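Make one complex out of these two single chains by using the hints.
Just so you know, the protein sequences line up as chains A and B, in that order. Going by this note's numbering, the first residue of the first sequence is number 1, and it counts up by one from there. Going by this note's numbering, the first residue of the second sequence is number 1001, and it counts up by one from there.
Heads up, a few of these hints could be off.
[As the list claims (entries may be wrong)] Under the rule of at most 30 angstroms between Cα atoms (straight-line distance), these lysine-lysine pairs were calculated in the DSBU-like manner: (1) 1192(B) to 70(A); (2) 1192(B) to 25(A); (3) 11(A) to 1192(B); (4) 92(A) to 1079(B); (5) 70(A) to 1143(B); (6) 21(A) to 1053(B); (7) 1145(B) to 1173(B); (8) 1095(B) to 1079(B); (9) 25(A) to 1145(B); (10) 1009(B) to 70(A); (11) 70(A) to 1037(B); (12) 1025(B) to 1095(B); (13) 1022(B) to 52(A); (14) 1064(B) to 1053(B); (15) 1022(B) to 1064(B); (16) 1053(B) to 1079(B); (17) 2(A) to 52(A); (18) 1022(B) to 50(A); (19) 70(A) to 91(A); (20) 1095(B) to 1139(B); (21) 1192(B) to 2(A); (22) 50(A) to 1053(B); (23) 1173(B) to 1091(B).
What the hints contain is simulated information worked out from the structure, not anything from laboratory work. Quantities reported herein were computed from a predicted structural model and do not represent experimental measurements.
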Amino acid sequence: MKTAEEIIISKRYFELNAAEKEAVKEYASNDEDYEAMRWFLISTGNEFAKEKIEPSLDLRRGVMAHLNQKQTAPKTIWLNGVSAFLFPSDKKFFQYPAFQMAAVAAVVVAIVLIYNQNPISDNQEMALNNQTEQQENLNQLTAPETVSPDENSNQNRNDLTDEANDQMPVETSRLSTVEKEVPAMDDLETAPALYYRDMAVAEEVKLLEEDVDEYSLSSNISTGANAQQPSQTTVDNIAVYDKSDADGLNLKQDVNKKQNGDGKDLEKPNKNADLGGGTTRTGREELDSKVVTAPAGYSTTTTVATNESLDEDKSKNEGEYKTATAGGVFGDVATESEIAEEKEESAVKYSIAQTKMLKKLIFVVK
Amino acid sequence: MKLFRKDYKSISDEELMRLYSKGDKTAFEQIYERYEKFVVNFFNRKLWNDRIKAEDFAHDLFTKLIDSPDIFDTSRNFKAWLFSVANNMCKNEYKKQEIRKNTSYDVPEHYQGTDGADSADKEVDKGSFNEVLKIELDKLGDKHKEVFMMRHFDGMALEEIAEALDINTGTVKSRLHHATKTVADKLEIFRKTLLKE
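Just chain B, same shape as in the assembly (with noise of 0.2 angstroms):
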């Protein structure tokens, strides 16, 4: 019988939906596999670090997948796909909340824009590199941001990144080295700090 029992493991994203909609739930339980990690951590990223609440958006997003399995288009990369639909969503929240809730790596409430050098002095010297960053990131701003926090946090790759935010790839590969290249600048300070130690 396993000649003619499917490998799901080695079926493309695309396909299987291809096959849940008609109607192999095999086909759905995969894809949750998959992407149940990628969209949960997604949403407490954009959610304040609400885990609660990224698991209600995660719910939310599977149930609505699992209802209309034909909102898929089947032509699209099911992972820019995905990405696309979870940040619209987490907009309809941030619409409906009115008020922007400082994540972890938004601007601190108590930021107060002081020199780079001073804070990476500060920081380092607290020994809170994760701090920094994010700090740093959010200097950044929105684009450049998101771009960086796509690549190396949810480790979608260039292309991806582009269908998902619909640019060209070149202007990904731009906003990611300008991120990476100033962020980089900015924590060299704890590299030389830890070398010296």
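Next up, chain A with everything else stripped away, as it sits in the complex (with noise of 0.2 angstroms):
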């Protein structure tokens, strides 16, 4: 906004309006006074105008000159601010810079602390440890697979047996802490696979058991001659075979023993020997069919008692035993043909029970 007297130098009273008319009222109140000082005023600024000066060029010359001797400004060092930064002298000490960012440290701190108390931190370096070890049951597992399928297959079932007995609580321990576990980023793909292929093994491993154990039980009793071999499991068997089934067959042999007083009858064929148990199967066969066929509790019962009687079977018909070795257990007088042909029989059952461990256990491998 203008003042009074740049209104007044500017134009004439004619032209003024009313503000400008109440702005320069304090200079003029009409146009007489109003032309009187807009004169004094225009005269004064011309007479001012004639009295300035001109500066000389020495003048601008010198201050330039210093000018250019001046250096520039003097490069300030960061450092020398650190401290100005972090203490202003015109604060107070919560308001210092350095003071909060202490508190904040300590505080960053005190957090740290607090959660590196947790406890999970100690299972964590458990599961770690667990991982380590299942990687290494994990290896030997996979050991199998430089086995060549032509080693003794007896050998081999044992040792898978083994093996497998070996391998069970180390699969549950690992099934047990699977959950706790974290896999790593490498594992996941490979984890579930062989955590399925683990079962696997372990359900084969079973079912070879089962089949061992009654291949162990039909080949045992499947002759005289390898019931002279007698392991426990063979004499369980021959007394689950007394229990369960041949009691008739075992009277039979001691009224046959007792009439004959002597062994020579029991050379000859006797093709009633089956009347106790009303079968003419194979010794082998019915038992195996009584195994598979057996009711759980009878079977239970009867292996209660095999080991309860042992001893005592085991005393009394140990001249039975030894009676049946030459003419056969059930009183059969076996030909040379038939001891060859159940020979062949077996050995073509055994290389059958081979090739389907075999199977199993490339089934296992692959």
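Below you can see the structure in the form of structure tokens.
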């Protein structure tokens, strides 16, 4: 907004509006006074303009020379400003940036220490160790891939059985801890496959165990020659047979033994030896069928009875056992041709069972 | 490259001083362009119209500003601050001389303090409006004369005068109104004489 002097100098009185007249009222209230003031201000301005001088070039040169001689502003060293920034003199101590940063750092350290006391970290270390052990176990499980199928099948069966028995607790512990461990990114793809593979191995091993038990049961009772190598399983099986099915046969043998008084009659082929049991099958087949078809409770009962009466039966039937060794378990007099046929049949079955186990082993390895 | 070139003519005095404090010599050159004439005429008016002394003082003032740009408080108006610095230099010079020389606007030594109308008549007769103006301004006293000269000779705004003299703007207006009305009434005779002629 123009001042009163500026309005007076720039305009004539009749050019003024109401606001401008109000502004110049202090200097001129009417046209005549306004024109007198206007003339004075213009004349004074002109006189002052005449009084003004122009600076000489020497002054300019001198000032510019001094300006060029002066170096630029001194470069500040940032390190000197650190303390001034951290500890400003015009603020209170709690407003110092150094104090505030120290407080924040203390809070962060306290939080870290509190979280480090959490026992979860120890569990994580345990899980890590379990992971290492489980990895070793998995490596051991994958090791049988190098075993050739031409090796002795019996040894393979025993080894496989023992290995399965040894590994089962490991698998169980692994399964119990698998939920806790946090698999690494590299194991995420292989972990499920290995897990199911282990489960399949355990299943196959179990089936193999059952097959081995069945085979050993049937093979040990097949002939008298095999019966000459009594084992716990064989004796048990005999006892089972005695209790379950062959009561009549034993009685028949006892009757024959008592009637004949010597073992010669035993050498005769006793075609009616199965009268008590009512069966014409061979002892192995019969035992196999009974083991398979026998009710569970009945088998349990006979097993208990077998264990309790093992010594008694062993002492009582020792004579019959030795007699049966020569002439057959059930009083049958086996000829050499029949023995050979049985051997061939058992060999064929043994080879079939071996083939099955090999197939299962290959499946397990795969 | 013009896009990145600063237009120093549109930058305020205070911003130019900040730039010069950071080492921008061009900013100070712009400051010098704006206030060279103002400073020299101010010293010339205050130091008895001694042109050489006025330029020496102007040189000292600018070199002081070159060497110590930080002495300027950027929160203040640069023109008012520059005037106050120059005014202090003049006061120091007055003390140094111990004798205040009569300037063209000071009361002449031969002035006898006669009646204003008679002197005006004499001046009109002599046809010297300028001399009568100097006489009448000297009669006003330093406070009123200083405000009048700063407003009409140096061209300063009322606010700048108030800041430079460290007084209220209302006081400046009052002093200026009183000085203008008084001198204008004294010099009214020149207008009437010129109109008659």
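query: Which earlier hints can't be squared with this structure?
result: Numbers 1, 4, 5, 6, 12, 13, 18 and 19 - these are the hints that the structure violates, sorted from lowest upward.
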